[in-house]
Amino acid sequence: MFCLSEIEHTLRLPPHLLNLPLAEAIKGELEGLFLDKVIAKLGLCISLYDIRSIDGGFIFPGDGASTYTVRFRLLMFRPFLGEVISARLKESSSTGLRLSLGFFDDIYIPRALLPSPSHDEPDPEDKNQVRWIWEFNEQNYPIDGMDEIRFRVHSIQYPSLPLEQDDGSKPFAPMLITGSLDADGLGPIAWWV
Amino acid sequence: MKILQEYAGALTNFEVLDFLRSRGAGKDPTRLIAGIAPSEYKVYDYLEQTAASTQTRDIAIEFVQKCKEYNLAKAEILNILNIRPSCEAALYPIIEDWDIRFSVEEGKEEEELGLLKTICQVLPPPPSVMESGEGIGVEEEDNPDEQQKKAVE
Numbered sequence: 001m002f003c004l005s006e007i008e009h010t011l012r013l014p015p016h017l018l019n020l021p022l023a024e025a026i027k028g029e030l031e032g033l034f035l036d037k038v039i040a041k042l043g044l045c046i047s048l049y050d051i052r053s054i055d056g057g058f059i060f061p062g063d064g065a066s067t068y069t070v071r072f073r074l075l076m077f078r079p080f081l082g083e084v085i086s087a088r089l090k091e092s093s094s095t096g097l098r099l100s101l102g103f104f105d106d107i108y109i110p111r112a113l114l115p116s117p118s119h120d121e122p123d124p125e126d127k128n129q130v131r132w133i134w135e136f137n138e139q140n141y142p143i144d145g146m147d148e149i150r151f152r153v154h155s156i157q158y159p160s161l162p163l164e165q166d167d168g169s170k171p172f173a174p175m176l177i178t179g180s181l182d183a184d185g186l187g188p189i190a191w192w193v
Numbered sequence: 001m002k003i004l005q006e007y008a009g010a011l012t013n014f015e016v017l018d019f020l021r022s023r024g025a026g027k028d029p030t031r032l033i034a035g036i037a038p039s040e041y042k043v044y045d046y047l048e049q050t051a052a053s054t055q056t057r058d059i060a061i062e063f064v065q066k067c068k069e070y071n072l073a074k075a076e077i078l079n080i081l082n083i084r085p086s087c088e089a090a091l092y093p094i095i096e097d098w099d100i101r102f103s104v105e106e107g108k109e110e111e112e113l114g115l116l117k118t119i120c121q122v123l124p125p126p127p128s129v130m131e132s133g134e135g136i137g138v139e140e141e142d143n144p145d146e147q148q149k150k151a152v153e
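Same order as they appear, the protein sequences are chains A and B. Everything in the first sequence is counted per the numbering used here, starting at 1 for the first residue and increasing by one. Everything in the second sequence is counted per the numbering used here, starting at 1 for the first residue and increasing by one.
Looking at chain B on its own, in the form it has when it is part of the complex (with noise of 0.2 Å):
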């Protein structure tokens, strides 16, 4: 076995969800009369718990282009595509520099909120949107645009 290329692209969850869809992952409530190995269906069955199980191509190609005002890097695009992060704190490891790039001040303040809510509108939230039913869901920074971004949303 040769490799002949190590790394010959990266591929968003809703991709290898597309795959696997259109191979017939999805349709065959037996799981045994379509091609698809057991082992390929536990992945499936981890990718439709995930955001990418609401998401479609015309989706994904329209968030990447509003993504290009916002100077991010690939490996950011991607992790949030995959992740879909719905406040602040959640987008925080993703983005890297982001007290340089995103920083409090009152200048750039907009770009931050603009991204989040990019991705709040553009991006279908996931299919069971996690509640904070313990009541220790406390945001952890008291941001002065935190009010602003409740307003927003």
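Looking at chain A on its own, in the form it has when it is part of the complex (with noise of 0.2 Å):
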């Protein structure tokens, strides 16, 4: 689920941070910077593994704060396809479902890549919410709110930003993960202890 990714880059220090060690002011630099953002192709940054070098310190002329070329290892959350992993259910519509772990909420297990005989039925709690059943061997397990869900990584995208939204839909989503949980041992884990 989680690796690491080495990166180099060029930081700006500003002068307010000079009366800290070095190494400190540069960590909270670079967590201000990439911590929960998602970097094209890395995934999720969690956080700062290490800093491997620090070069530079060069002050630009006409500016009061140093430069550094730091190299660092960012801690990546990054799936490799076909990872199985646990995760709670968070919405479920008649479109499919979509899980949440948490930290990372944009999972979602399209209709087709569900268990394969399901149907879905209006959920009894709430109006808007939609419940998967999967029938097997004539019996019905439903999905429900209760358990962890486990669901094997099909495809990873990152959308490019958007030059427009509407207001009121969906917040825009720079990593979307697809999932799966059409083999046996995913899905509900009541289901198969």
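Everything labelled a hint here was simulated from the structure, so no lab data went into it. Some hints here could point you the wrong way.
[Stated by the list, open to error] The calculated lysine-lysine pairs, modelled on DSSO-like cross-linking and capped at a C-alpha distance of 30 Å, are:
{"id": "1", "chain 1": "A", "residue 1": "37", "chain 2": "B", "residue 2": "2"}
{"id": "2", "chain 1": "A", "residue 1": "27", "chain 2": "A", "residue 2": "37"}
{"id": "3", "chain 1": "B", "residue 1": "42", "chain 2": "B", "residue 2": "27"}
{"id": "4", "chain 1": "A", "residue 1": "170", "chain 2": "B", "residue 2": "42"}
{"id": "5", "chain 1": "B", "residue 1": "2", "chain 2": "A", "residue 2": "41"}
{"id": "6", "chain 1": "A", "residue 1": "37", "chain 2": "B", "residue 2": "68"}
{"id": "7", "chain 1": "B", "residue 1": "74", "chain 2": "A", "residue 2": "41"}
{"id": "8", "chain 1": "B", "residue 1": "42", "chain 2": "A", "residue 2": "27"}
{"id": "9", "chain 1": "A", "residue 1": "37", "chain 2": "B", "residue 2": "27"}
{"id": "10", "chain 1": "A", "residue 1": "27", "chain 2": "B", "residue 2": "2"}
{"id": "11", "chain 1": "A", "residue 1": "41", "chain 2": "B", "residue 2": "27"}
{"id": "12", "chain 1": "A", "residue 1": "27", "chain 2": "B", "residue 2": "117"}
{"id": "13", "chain 1": "B", "residue 1": "42", "chain 2": "A", "residue 2": "37"}
[Said to hold, decoys possible] Just a few of them, taken from the derived set where beta-carbon distance is under 8 Å, the chain A residues facing chain B:
{"id": "14", "residue": "7"}
{"id": "15", "residue": "36"}
{"id": "16", "residue": "38"}
{"id": "17", "residue": "41"}
{"id": "18", "residue": "42"}
{"id": "19", "residue": "46"}
{"id": "20", "residue": "71"}
{"id": "21", "residue": "80"}
{"id": "22", "residue": "86"}
{"id": "23", "residue": "102"}
{"id": "24", "residue": "103"}
{"id": "25", "residue": "106"}
{"id": "26", "residue": "110"}
{"id": "27", "residue": "183"}
{"id": "28", "residue": "186"}
{"id": "29", "residue": "193"}
Just so we're clear, the structure is a prediction, and the values are computed from it rather than from any experiment. Beta carbons: idealized from backbone N, C-alpha and C, even for Gly.
Mind docking these for me? Both chains are given alone in their own frames, and the hints should help you get the complex.
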């Protein structure tokens, strides 16, 4: 689920941080820049793992801040294709399911990748939501919000920033994971225990 | 910003949890004093609920050693460490070409059960073991080796 990526970045260190030890100041700046942000093709940045080298410290004319070239490793959340992950149900609609990991919410299971004979029925508790039921061997296995759900990563997309967005539509998701529940052992854990 | 190495190594859930713990994630009840961002706390909360929270470095090393005899790919070992499957069905989506490598014939049965046994012995169970209280938790296939598996456990 997690991997390391090595990045080199030219960082401008604002003068008000000059009283801090250098490594700490750079760490703070890098964290503010990268933490909890998605980098295309690398995934969601969870944490700064370590700083490998700090070079430079030049001050450009007309500027009060020093500029450093820093090499560091970031801890990224980027599952590989085919990885099995446990998540919780967030939303369930007629187009499919949406799962959440707590720190990452944009995991969608489209209708086509649900276990094969499945049908949906309106949820008795919530009018807008739909409950998915898997039929197998003449028994009905519902997907409800109680359990952890295991899914397999089908694909990861990094859609580019939209130019315009209507108000009220879903907030833009820079990283989308599509999952599949279509194999033995996937789906809510209670189905297989 | 320049990407020097897109992929500099994979980490298991346990290693990430260890990294967060070493920075003081578990020790601070206020969650303000330790230098850890709220987004990192969300990752910490997620990982604490998975099987990784009860593992230690020695357990992980021991498990990788024991897996050598089963010829598992690195991704499969990673998946097993993260998920800790406790039954055959849970292992099925993780191992590729299950039918070819662990077929249900008499000869290969031992290997598949052996792998399950190793998992259950070496890796500790996750913090709150999910109960199939609703009673719909029925094994999908009634393999002849299921009986044997129950006897083994």
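Structure-based check of each hint:
1. Between residue 37 (chain A) and residue 2 (chain B) the CA atoms are separated by roughly 16 Å; this keeps the pair inside 30 Å, and the hint holds.
2. Only pairs whose Cα atoms come within 30 Å are accepted, and residue 27 (chain A) paired with residue 37 (chain A) is accepted, the gap being roughly 16 Å.
3. Between the alpha carbons of residue 42 (chain B) and residue 27 (chain B) the distance comes to roughly 15 Å, so the proposed pair stays at or under 30 Å and holds.
4. For the hint linking residue 170 (chain A) to residue 42 (chain B), the alpha-carbon distance of about 22 Å falls within 30 Å, and the restraint holds.
5. Taking the CA atoms of residue 2 (chain B) and residue 41 (chain A), the gap is about 13 Å. The hint holds against a cut of 30 Å.
6. For the suggested pair residue 37 (chain A) and residue 68 (chain B), the alpha carbons sit about 37 Å apart, so the restraint of at most 30 Å is broken.
7. Between residue 74 (chain B) and residue 41 (chain A) the alpha-carbon distance is near 22 Å, which keeps this suggested pair within the 30 Å criterion.
8. Using a Cα cut-off of 30 Å, the hinted pair residue 42 (chain B) and residue 27 (chain A) holds, with the two alpha carbons roughly 20 Å apart.
9. This hinted pair checks out: residue 37 (chain A) and residue 27 (chain B) have alpha carbons roughly 26 Å apart, not beyond 30 Å.
10. About 17 Å separates the Cα atoms of residue 27 (chain A) and residue 2 (chain B), which keeps this hinted pair within 30 Å; it holds.
11. About 34 Å separates the Cα atoms of residue 41 (chain A) and residue 27 (chain B), which puts this hinted pair outside 30 Å; it is violated.
12. The hinted pair formed by residue 27 (chain A) and residue 117 (chain B) fails the criterion: a straight-line CA distance of about 44 Å is larger than 30 Å.
13. Distance hint between residue 42 (chain B) and residue 37 (chain A) is fulfilled; the C-alpha atoms sit about 14 Å from each other, no more than 30 Å.
14. At a threshold of 8 Å, the smallest CB-CB gap from residue 7 (chain A) to chain B is about 6 Å, leaving the interface hint in force.
15. At about 4 Å, the closest approach between the beta carbon of residue 36 (chain A) and any beta carbon in chain B falls short of 8 Å, and the interface hint on this residue holds.
16. Look at residue 38 (chain A): its Cβ only gets to about 12 Å from chain B, farther than 8 Å, so that hint breaks.
17. About 7 Å separates the beta-carbon of residue 41 (chain A) from the nearest beta-carbon of chain B, less than 8 Å, and the hint is met.
18. For residue 42 (chain A), the interface hint holds, the least distance from its beta-carbon to any beta-carbon of chain B being 6 Å, beneath 8 Å.
19. Interface restraint check for residue 46 (chain A): the shortest CB-CB distance to chain B comes to about 5 Å, inside 8 Å, so the restraint holds.
20. At its closest, the beta carbon of residue 71 (chain A) sits 7 Å from a beta carbon of chain B; the interface hint therefore holds under the 8 Å criterion.
21. The interface hint given for residue 80 (chain A) is met, as the beta carbon of that residue sits about 6 Å from the closest beta carbon of chain B, less than 8 Å.
22. At a threshold of 8 Å, the smallest CB-CB gap from residue 86 (chain A) to chain B is about 6 Å, leaving the interface hint in force.
23. A hinted interface residue such as residue 102 (chain A) counts as satisfied when its beta carbon comes closer than 8 Å to some beta carbon of chain B; here the least separation is about 4 Å, so the hint holds.
24. With its C-beta approaching chain B no nearer than about 4 Å, residue 103 (chain A) sits inside the 8 Å limit, and its interface hint holds.
25. About 14 Å separates the beta-carbon of residue 106 (chain A) from the nearest beta-carbon of chain B, more than 8 Å, and the hint is not met.
26. A least Cβ separation of about 18 Å between residue 110 (chain A) and chain B goes past the 8 Å threshold, and the interface hint is therefore violated.
27. Checking residue 183 (chain A) against chain B by beta carbon gives a least distance of about 5 Å; that is within 8 Å, so the hint holds.
28. Of the supplied interface hints, the one on residue 186 (chain A) holds, with its beta-carbon coming within about 5 Å of a beta-carbon of chain B, less than 8 Å.
29. At about 4 Å, the closest approach between the beta carbon of residue 193 (chain A) and any beta carbon in chain B falls short of 8 Å, and the interface hint on this residue holds.
Going through the hint list in order, the structure does not satisfy hints 6, 11, 12, 16, 25 and 26.
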